[in-house]
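Dock chain B against the given chain A, drawing on the hints supplied.
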Amino acid sequence: DSGVTQTPKHLITATGQRVTLRCSPRSGDLSVYWYQQSLDQGLQFLIQYYNGEERAKGNILERFSAQQFPDLHSELNLSSLELGDSALYFCASTLGGGLVYGYTFGSGTRLTVV
Amino acid sequence: AQKITQTQPGMFVQEKEAVTLDCTYDTSDPSYGLFWYKQPSSGEMIFLIYQGSYDQQNATEGRYSLNFQKARKSANLVISASQLGDSAMYFCAMRSGNEKLTFGTGTRLTIIP
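Quick mapping for you: the protein sequence lines, in order, are chains A and B. Residue numbers for the first sequence follow our numbering, beginning at 221 and rising by one. Residue numbers for the second sequence follow our numbering, beginning at 21 and rising by one.
I should point out that these hints are in silico values taken from the structure, not numbers from a laboratory. These numbers were taken from a predicted model, which means no experiment stands behind them. Do not take every clue at face value.
Unchecked claim - Cross-link-like lysine-lysine pairs, in silico, BS3-like; alpha carbons within 30 Å at most:
#1 23/B - 277/A
#2 93/B - 36/B
#3 277/A - 36/B
#4 90/B - 277/A
#5 36/B - 90/B
In isolation and in its complexed conformation, chain A is listed as follows:
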């Protein structure tokens, strides 16, 4: 157990639907990152939150949104799903604040859009 918890582990949904992926960071970590891993795009950075605030944005579609709550857990919302959104979605956490610490990854949520 890495200490980063992602739920659900697997998700199968239809095109056009909306899903929410959840991430609980390792205890004490303030930064949460979301990554998308697909066969054609590889590992793509989506978005980062630090202590509740958005810190950096990557290749995140407008149909996707995220937030980090006061208890530091984060949710990634994917709407109007398309077949191409099928991927493994990772959450990672680190202490953050500009310090060099390891990034701990969760086990991922495998999303399949049918």
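Same frame as chain A, but now just chain B:
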């Protein structure tokens, strides 16, 4: 912009042999960190080793070592005495500038008995 290049899509290595996985990087930031992650078929990302840009010595973690050549901007992973359980995808990643990690495309390593 930061970029990580892994030029070996796949490698086959005999069990118990050493293997080197190549990684080159590009950044204009003088302060950066380099990471290697292992992703087995089960999908999770497992941290292997870290090298800071100002570290004087190459990082080592058990059977893993990082051959860091700063002038050549390379950070190759060396696995000594490979085992069947080492079969997996291996990703090189870099943190520079902001805190996000930029990943390479990965190398699929297969250990042959």
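Hints and how they fare:
Pair hint residue 23/B plus residue 277/A holds up; C-alpha atoms about 17 Å apart against a cutoff of 30 Å. The hinted pair formed by residue 93/B and residue 36/B meets the criterion: a straight-line CA distance of about 28 Å does not exceed 30 Å. As the CA atoms of residue 277/A and residue 36/B are separated by approximately 43 Å, the hinted pair breaks the 30 Å bound. Between the alpha carbons of residue 90/B and residue 277/A the distance comes to roughly 29 Å, so the proposed pair stays at or under 30 Å and holds.
Of the supplied pair hints, the one linking residue 36/B and residue 90/B holds, its CA atoms being roughly 29 Å apart against a limit of 30 Å.
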